[in-house]
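Those sequence lines, one after another, are chains A and B.
Under the working numbering, think of the first position of the first sequence as 1, with each following residue one higher.
Under the working numbering, think of the first position of the second sequence as 1, with each following residue one higher.
It should be emphasised that the hints constitute simulated quantities derived from the structure, not laboratory data.
A couple of the hints might just be wrong.
Distance condition first, Cα-Cα at most 30 angstroms in a straight line; then the derived DSBU-like pairs of lysine-lysine [said to hold, decoys possible]:
hint	chain 1	residue 1	chain 2	residue 2
1	A	Lys321	B	Lys128
2	A	Lys584	B	Lys141
3	A	Lys279	B	Lys44
4	B	Lys135	A	Lys494
5	B	Lys44	A	Lys544
6	B	Lys128	A	Lys273
7	A	Lys558	A	Lys543
8	A	Lys502	B	Lys89
9	B	Lys89	B	Lys42
10	B	Lys126	A	Lys336
11	A	Lys502	B	Lys44
12	B	Lys135	A	Lys543
13	B	Lys126	A	Lys273
14	A	Lys336	B	Lys128
15	B	Lys42	B	Lys141
16	A	Lys286	B	Lys44
17	B	Lys126	A	Lys286
18	A	Lys336	B	Lys135
19	A	Lys502	B	Lys42
20	B	Lys135	A	Lys283
21	B	Lys135	A	Lys584
22	A	Lys283	B	Lys126
23	B	Lys126	A	Lys279
24	B	Lys141	A	Lys543
25	A	Lys654	A	Lys584
26	A	Lys321	B	Lys126
27	A	Lys283	B	Lys128
28	B	Lys128	B	Lys42
29	A	Lys494	B	Lys89
30	B	Lys128	A	Lys286
31	A	Lys544	B	Lys42
Here the structure is a predicted model, which means the values were calculated and not measured.
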Amino acid sequence: MQGNSGRTSYTGGSHMQLGKPPTFVPQSLPRSPSVPSLQGDRPFNSLNRSDPMLNRKVFSGETPVPRLDPGSAHSPMGSAAVQASPSTIGGNSNLSVIDLYGDETDSQMASEESEDTNHLDTLMSKSSLMDQPHRDDYNVTSQETSMQTDSQLPQIPKSPRVNISSKDAEHFDRYGFKKQTSCISEAQYDGWWSEYYQYCERRKSKWVVLMEKHGLPSSDDQVTRFPPKNEKLKRYVRKGVPAEWRGNAWWYFANGQELLDENLDQYGQLLQKIALIEKLPDKEDKYPDLEIIERDLNRTFPDNIHFQRESFQDGEPEMIKSLRRVLVAFSLYNPKIGYCQSMNFLAGLLLLFLDEEKSFWMLVLLTSKYLPGVHNVNLEGVNIDQGVLMLCVQEYLPELWDYIVPKEKHSGSSKGNLNKLMNTSFSSSSGHSHQSQGKNDFLLKLPPVTLCTASWFMSCFVGVLPIEVTLRVWDCLFYEGSHFLFKVSLGILKLSEEELLKGKHHNSLTHYSLNGSQNKHKNNNSPEESEMELFQIVQTFPKKLLNPNDIFEKIIFKKRITFNNLDQDEIDRCRKYVTTQRQKHKPMSDPHKSSSHSNVNDNDDVSEDSDNSKPHSSDSSSHRNVHKSKTFNHTHRSEEHLPGATQDTPYGFKRSMTSVNWNSGLKEKVRQIRKKKDKFMD
Amino acid sequence: MSADAGTTPTATATQAPAAAAAVPATQATSTATKKTGKSLSKYKIVFLGEQGVGKTSLITRFMYDTFDDHYQATIGIDFLSKTMYLDDKTIRLQLWDTAGQERFRSLIPSYIRDSRVAIVVYDITKRKSFDFIDKWIEDVKNERGEENVILCIVGNKNDLTDERQVTTEEGQEKAKLLGAKIFMETSTKAGYNVKNLFKKIAKSLPEFQDANSNIINEASGAAAAGSAPAAGNAAGKTGVIDISTKDEQEQSGCQC
Chain A
1 MQGNSGRTSY TGGSHMQLGK PPTFVPQSLP RSPSVPSLQG DRPFNSLNRS DPMLNRKVFS
61 GETPVPRLDP GSAHSPMGSA AVQASPSTIG GNSNLSVIDL YGDETDSQMA SEESEDTNHL
121 DTLMSKSSLM DQPHRDDYNV TSQETSMQTD SQLPQIPKSP RVNISSKDAE HFDRYGFKKQ
181 TSCISEAQYD GWWSEYYQYC ERRKSKWVVL MEKHGLPSSD DQVTRFPPKN EKLKRYVRKG
241 VPAEWRGNAW WYFANGQELL DENLDQYGQL LQKIALIEKL PDKEDKYPDL EIIERDLNRT
301 FPDNIHFQRE SFQDGEPEMI KSLRRVLVAF SLYNPKIGYC QSMNFLAGLL LLFLDEEKSF
361 WMLVLLTSKY LPGVHNVNLE GVNIDQGVLM LCVQEYLPEL WDYIVPKEKH SGSSKGNLNK
421 LMNTSFSSSS GHSHQSQGKN DFLLKLPPVT LCTASWFMSC FVGVLPIEVT LRVWDCLFYE
481 GSHFLFKVSL GILKLSEEEL LKGKHHNSLT HYSLNGSQNK HKNNNSPEES EMELFQIVQT
541 FPKKLLNPND IFEKIIFKKR ITFNNLDQDE IDRCRKYVTT QRQKHKPMSD PHKSSSHSNV
601 NDNDDVSEDS DNSKPHSSDS SSHRNVHKSK TFNHTHRSEE HLPGATQDTP YGFKRSMTSV
661 NWNSGLKEKV RQIRKKKDKF MD
Chain B
1 MSADAGTTPT ATATQAPAAA AAVPATQATS TATKKTGKSL SKYKIVFLGE QGVGKTSLIT
61 RFMYDTFDDH YQATIGIDFL SKTMYLDDKT IRLQLWDTAG QERFRSLIPS YIRDSRVAIV
121 VYDITKRKSF DFIDKWIEDV KNERGEENVI LCIVGNKNDL TDERQVTTEE GQEKAKLLGA
181 KIFMETSTKA GYNVKNLFKK IAKSLPEFQD ANSNIINEAS GAAAAGSAPA AGNAAGKTGV
241 IDISTKDEQE QSGCQC
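Extracted from the complex, chain A is given alone in its bound form:
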């Protein structure tokens, strides 16, 4: 059946060439970015031990790699967990990596990292190596030679452990994803990567220095601990954790080990339970999630070689098996969530970087601590987070906000969001999606653009942003907390604004001017059409954001960008506020969700449960100990002084200058009244 007319298809990777020896030839050019170094076997995760592809003797046959997962003292037990053991030592990577790096050409990082530069200088004596052709062959040669050789050669493990024939290899990135996406061509990818991989190497050398300063091991197989959190480390994280360390870094920053230690046997027991369930004749009736999970397994990263079934393979890829186990285990562990589409992407990405058990617990953390309620059956957490995001847009991107909720329908005079915030009366709007501005209606009937942004949160940008950007976001997410997701979202939206303006010039579709805020341009487009255009841009734009630094350097690192003041506390307060607002007005406006509870409430009963959880009971009552997390304490604490949580007052962002809660001070009250007055005068 040839449906594949004229498209470079990558279905199932069936065209991969098996057993064909690598045809990498030492090149005299800078290492072609298009050739993922397949050496490194230091996968970004630890799975696929029994991956049939490993037996293809393409490369790894010659490089028997001892495996050791430094962090996984507790690997899953049970027969089901065969491969859950440990990641490899990526060669004796205790190497003088630093020798490799050297060019401090990255202007962007120059100033803040000058302290490191000195240090580096001393180590850079051999930096000329950089430019020598043979350097580029390390990754190639070392694959085919022994570990000893590796230990002599500076090497940066870069690649997935799966072996791809060289012909195909160039089409995949270092994680096994196809370089070409619907919005990025392979040439674009290669062009960017030839620069970016140097950036990555520079960054890693800095990390190594940092680790050494703190007396921490810095060889790839030993990096399990990180320096104490501080501004510098935060900056380092924002500039990207070295890919080889990522799994461990996430695990460390998210405090996964603590959770695992509290639940030592749990994952193994879940696997045993799964084994029992598998034998039930009516398992699909009793556990409907099984079938739903099953249907998504092959729809998780179909463009990643680790998830693709080879045509010659009898069974399915190990990665798919792991994914199934993690998702099914989770659905048993937390029936309140069960399985929700998008978790397959979360688990899938985790599995690329962590072993199965750790991936499981990270998924638990993601769905509880970082994205509370988002994956629950009623998806109320999605609506809450989207409400929060809309509040943030209204506050921090007022011009875009005018786009999202067109002004047309309201008394045009507002000069910004202050007036909108003043307008507090809460009437549940009827009919259409355009709420009049100045009301909180948009928290109940979320603007259309949230249909798009909702998926950003559900999958933590997996599949939304190109992979390197996504990983940078995940670095920060685990280091900084869930508010970072909002920051990134605002960053993307801000960049989309520019795109929107561009689009405006290209085709006069839009009639809302972003900078002028006047909507005098008349054309035939309805507000709805503009809405759709916005939707389309917001949907497409992030997919083209190939270079992480486009958003990190231009937005996240910029002090003058106001939403960079957002912190976790603010987001927690926002979430609480939106939760309350939605709950209060739900019966009137939203019959669909009348049964929903706020995520905060969910968390309440959760923390009570936590003491019951015994390693034994792997069923519903035992899965909540996670929730002791500080995030929730925050939430409770902030409840007391939360303005507007009980009245229909608008949400007040604290202003960073004073870090005083905007609504709480008398001064602000006065200001509010004055504003209100002004508005009436208008």
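Assemble chain B onto chain A, guided by the hints.
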């Protein structure tokens, strides 16, 4: 218009789809903008149905005439805009691709359920997905009276003859029962009946009620092109597809 409007009895789905006439994106765009100077009638088309039945695949086949074995699961909602030409008339189609899992139903807001056209897809190899279409249809009808919506029921994957769990007759039956104006079996993999489906849909729209001629060609929406000037890759966001290719016309012979 009755439910038996489109039936596809056999699964002789080996015909390759006609290769799309590749037209540079810019050209397509300019054509589109030229012709879309005046106000367009816009029609919302929402794709509903259980996960994995082939909603994304159907859209991709329609838009780009391509197929992959596995598409990433759709999270939330994807939006695509497409301009279609028929004779001298032009319409803009807004295609809303939705996530199939049941819990996502609540996310699909009323103004999308409130579409002019609702395409409810099931998988002929999965009885469950067939049983589920009642729920989707109900959602649509609740939002918009039965009269105002063009309901389409599509049984996808009809190339998988061996795994068939739902017969064509059952499909027709249900379409009649639920008041669907169009019923069709398709194979997005084989490219079977997809263009026919959209042709039929177009012909049921008021804009084309009287037009008997075929849709000549179509080009993707200007909005997409405008927002994606850099995305000139193989996937091809834009292009002109001659929808009335011969092989499909032959197939459509047995449709009516």
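To see whether the hints hold, each was checked on the structure:
no., hint, result
1, A:Lys321 - B:Lys128, "24 angstroms, holds"
2, A:Lys584 - B:Lys141, "28 angstroms, holds"
3, A:Lys279 - B:Lys44, "46 angstroms, violated"
4, B:Lys135 - A:Lys494, "39 angstroms, violated"
5, B:Lys44 - A:Lys544, "26 angstroms, holds"
6, B:Lys128 - A:Lys273, "26 angstroms, holds"
7, A:Lys558 - A:Lys543, "22 angstroms, holds"
8, A:Lys502 - B:Lys89, "29 angstroms, holds"
9, B:Lys89 - B:Lys42, "12 angstroms, holds"
10, B:Lys126 - A:Lys336, "26 angstroms, holds"
11, A:Lys502 - B:Lys44, "26 angstroms, holds"
12, B:Lys135 - A:Lys543, "33 angstroms, violated"
13, B:Lys126 - A:Lys273, "27 angstroms, holds"
14, A:Lys336 - B:Lys128, "23 angstroms, holds"
15, B:Lys42 - B:Lys141, "20 angstroms, holds"
16, A:Lys286 - B:Lys44, "38 angstroms, violated"
17, B:Lys126 - A:Lys286, "18 angstroms, holds"
18, A:Lys336 - B:Lys135, "23 angstroms, holds"
19, A:Lys502 - B:Lys42, "24 angstroms, holds"
20, B:Lys135 - A:Lys283, "24 angstroms, holds"
21, B:Lys135 - A:Lys584, "28 angstroms, holds"
22, A:Lys283 - B:Lys126, "17 angstroms, holds"
23, B:Lys126 - A:Lys279, "22 angstroms, holds"
24, B:Lys141 - A:Lys543, "35 angstroms, violated"
25, A:Lys654 - A:Lys584, "24 angstroms, holds"
26, A:Lys321 - B:Lys126, "23 angstroms, holds"
27, A:Lys283 - B:Lys128, "15 angstroms, holds"
28, B:Lys128 - B:Lys42, "33 angstroms, violated"
29, A:Lys494 - B:Lys89, "37 angstroms, violated"
30, B:Lys128 - A:Lys286, "15 angstroms, holds"
31, A:Lys544 - B:Lys42, "27 angstroms, holds"
The structure fails to meet hints 3, 4, 12, 16, 24, 28 and 29 from the earlier list, while all remaining hints are met.
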